[in-house]
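Asks: Those sequence lines, one after another, are chains A and B. Everything in the first sequence is counted per this note's numbering, starting at 678 for the first residue and increasing by one. Everything in the second sequence is counted per this note's numbering, starting at 914 for the first residue and increasing by one.
Hints in this document: simulated from the structure, not taken from any laboratory. Built from N, CA and C at the ideal position, the CB exists for glycine as well. You may find that some hints are simply not true.
[Said to hold, decoys possible] Under the rule of at most 25 Å between Cα atoms (straight-line distance), these lysine to any residue pairs were calculated in the SDA-like manner:
no., chain 1, residue 1, chain 2, residue 2
1, A, Lys802, B, Asn1173
2, A, Lys802, B, Arg1172
3, B, Lys1154, A, Lys802
4, A, Lys914, B, Lys1154
[Claimed, not checked] Here are the simulated distance ranges between beta carbons:
no., chain 1, residue 1, chain 2, residue 2, range
5, A, Asp844, B, Asn1134, 42 to 50 Å
6, B, Arg1188, A, Asp844, 27 to 35 Å
7, B, Met1018, A, Glu833, 18 to 26 Å
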Amino acid sequence: MLYSCAIWRISLMASKPHRLHHLAGRTELSTAKRVRRTMTTQSSISEAFTNYTDYLNHLNEKRERVVKASRDITINSKKVIFQVHRISKDNREEVLEKAEKDLAAVTDQYISRLVKELQGSDFWKLRRAYSPGVQEYVEAATFYKFCRTGTLLHLEEINSTLLPLSDPSLEPLQINVLDYLLGLADLTGELMRLAIGRISDGELEYAEKICKFVRDIYRELLLLAPKMDESFDMKTKMDTMLQSVIKIENACFSVRVRGSEYLPLLGSDNSSSFLLGMPDIEP
Amino acid sequence: MKSAVAFRNAYFTISRSLKPSLNRSLFLFSLHSLPTFAVSPPPSRRLRPETFPSLSATICSSTMAADEANEPPPSSPSLEKQFESFRVQLDESGSLRERIRAVVMEIESTTRLMQAALLLVHQSRPTPEVLEKPKAQIGVLKELYNRLAEVLRDCPAQYYRYHGDWKSETQTVVSLLAFLHWLETGNLLMHSEAEEKLGLNNLDFGLDVEDYLIGLCFMSNELPRYVVNQVTAGDYDCPRKVLKFLTELHAAFRMLNLRNDFLRKKFDGMKYDLRRVEEVYYDVKIRGLTANDDSTGDQTSQGQPQVT
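Can you build the whole structure from these sequences, using the hints too?
Replies: Below is the structure:
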């Protein structure tokens, strides 16, 4: 016992620290507990810190992987959102079909990578690492769904599509309420862009439908925002959201009031110029 | 918040039952009043007089559109139901958090008692009597951590959701326990020993390794002051012991691959503690105040257990 301990100590002095935990960490780990009982200070401190090093390395590597997955999810969810924005009166079906395919690809390829990383307490421990990606994914999924059916995609529905990703031995990845709500808050920004685009295209009814939907979401979130875990993020999002709602309302207003003069002539150039004429929305 | 809910409900029931003409004026009323009492005003509030006329006009127009198209009432029932269930969930986690905070406040005041009692080591040699009082508090801490674990028993996987609520208090606890342990035995308190002292070793609720390491850094901050006061009180051997201990601890920390986070920052601070202790040791040694046999007891050549 003591002998192996001594050898180990020599190897500690001889090799560099980062090599050490590969070399000695693995072989000596099993004896760590027994060694500790003898309490010779130097070796037991190093021994214990070898364990901590392993723990921290493992955690940091995992966090890196999760951050990477999150970034991939963000990038590809953005692509879905842009795809949905290409919608217009005539190409609705084909645009949405492609968006659906892209979204499914994000789920299969990238969300699935999170599943095995986020078992047990890691789900909350690493939340900050994956939260941006998941929010963007929620945004893309709900955005697509709204354009498809005009309704809100519920959290339960998203989570049920995630169930088949994991094999039965693992606990399934389930998006939590907080990320869902933060994603919804971002959704209104996209809906605002969509609404403005639709007005430019002359689809005023559609824009008004969006307007109503966004108001509903804003009203619901207003009640939930203060109850959320780190409500500061949400507060800034709520402010942006209100700005989006007002922008849509003002755009609808412009068309209602002055639109009768423009409507037959509506082209993208004209419409953007009268929207820019609104004095009071832009900060 | 309650009044907001009540208001909202009332507004829905009324708006559903009223005729379109009344409906319109109610919308006007609701959108004027709702943001003012429930939203914290954004900085752009100065624009309000300008914004609102156009806003209300918009509402008129879009409600007209809704009426004309015979659309369903404002929000669909399933949408409301989902948010209702979120509200329940978030309320639950909020009350859980309150219970956690109540326990954590007690932990905080216990550590304060410990800290105050432990400060006496700076005024005299660490006799067993001085350590007795802070040691008695360990039992209290154990009890409190058990209660904390009890609060989280139903959701062990959510440990890190609420971790922020007890993180800094726990780091202080570790620093005190480690200091106490060192004063008693001359050894470093290991992670598993710390867990044992707090009664956490066989629960889902454990001691986070990073919290433990940060706690050790806090303890190291305490050592320079201790050395200075011990020397003043006439214990000239103390700097050697502390220097040996701190050198080992610092060397051990250098084995860790740290990220740019709080732990890294605290570890970077540790070298100043080390330097201060080295200075004191030098001051004492250069004046020949240390006992002669110490010259062989240099910490690099000797790996013997520490004498206390």
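Asks: Could you check the hint for me, namely that A:Asp844 and B:Asn1134 are 42 to 50 Å apart, CB to CB?
Replies: About 48 Å separates the Cβ atoms of A:Asp844 and B:Asn1134, which means 42 to 50 Å holds.
Asks: Starting from the hint 27 to 35 Å, judge whether the C-beta atoms of B:Arg1188 and A:Asp844 obey it.
Replies: The hint (27 to 35 Å, Cβ to Cβ) is violated, given that B:Arg1188 and A:Asp844 are roughly 54 Å apart.
Asks: Going straight from one Cα to the other, do A:Lys802 and B:Asn1173 come out at no more than 25 Å?
Replies: holds, 17 Å
Asks: Taking 18 to 26 Å as the stated bounds, is the beta-carbon spacing between B:Met1018 and A:Glu833 within them?
Replies: Violated - the Cβ-Cβ distance for B:Met1018 and A:Glu833, about 37 Å, lies outside 18 to 26 Å.
Asks: Taking 25 Å as the top limit, are the C-alpha atoms of A:Lys802 and B:Arg1172 close enough?
Replies: holds, 16 Å
Asks: Has the given pair, A:Lys914 with B:Lys1154, been kept, meaning a C-alpha gap of at most 25 Å?
Replies: violated, 55 Å
Asks: Do the alpha carbons of B:Lys1154 and A:Lys802 lie within 25 Å of each other, as the hint requires?
Replies: Violated, because 38 Å separates the two Cα atoms, which is more than 25 Å.
When the structure is compared with the earlier hints, violations turn up for hints 3, 4, 6 and 7 and for no others.
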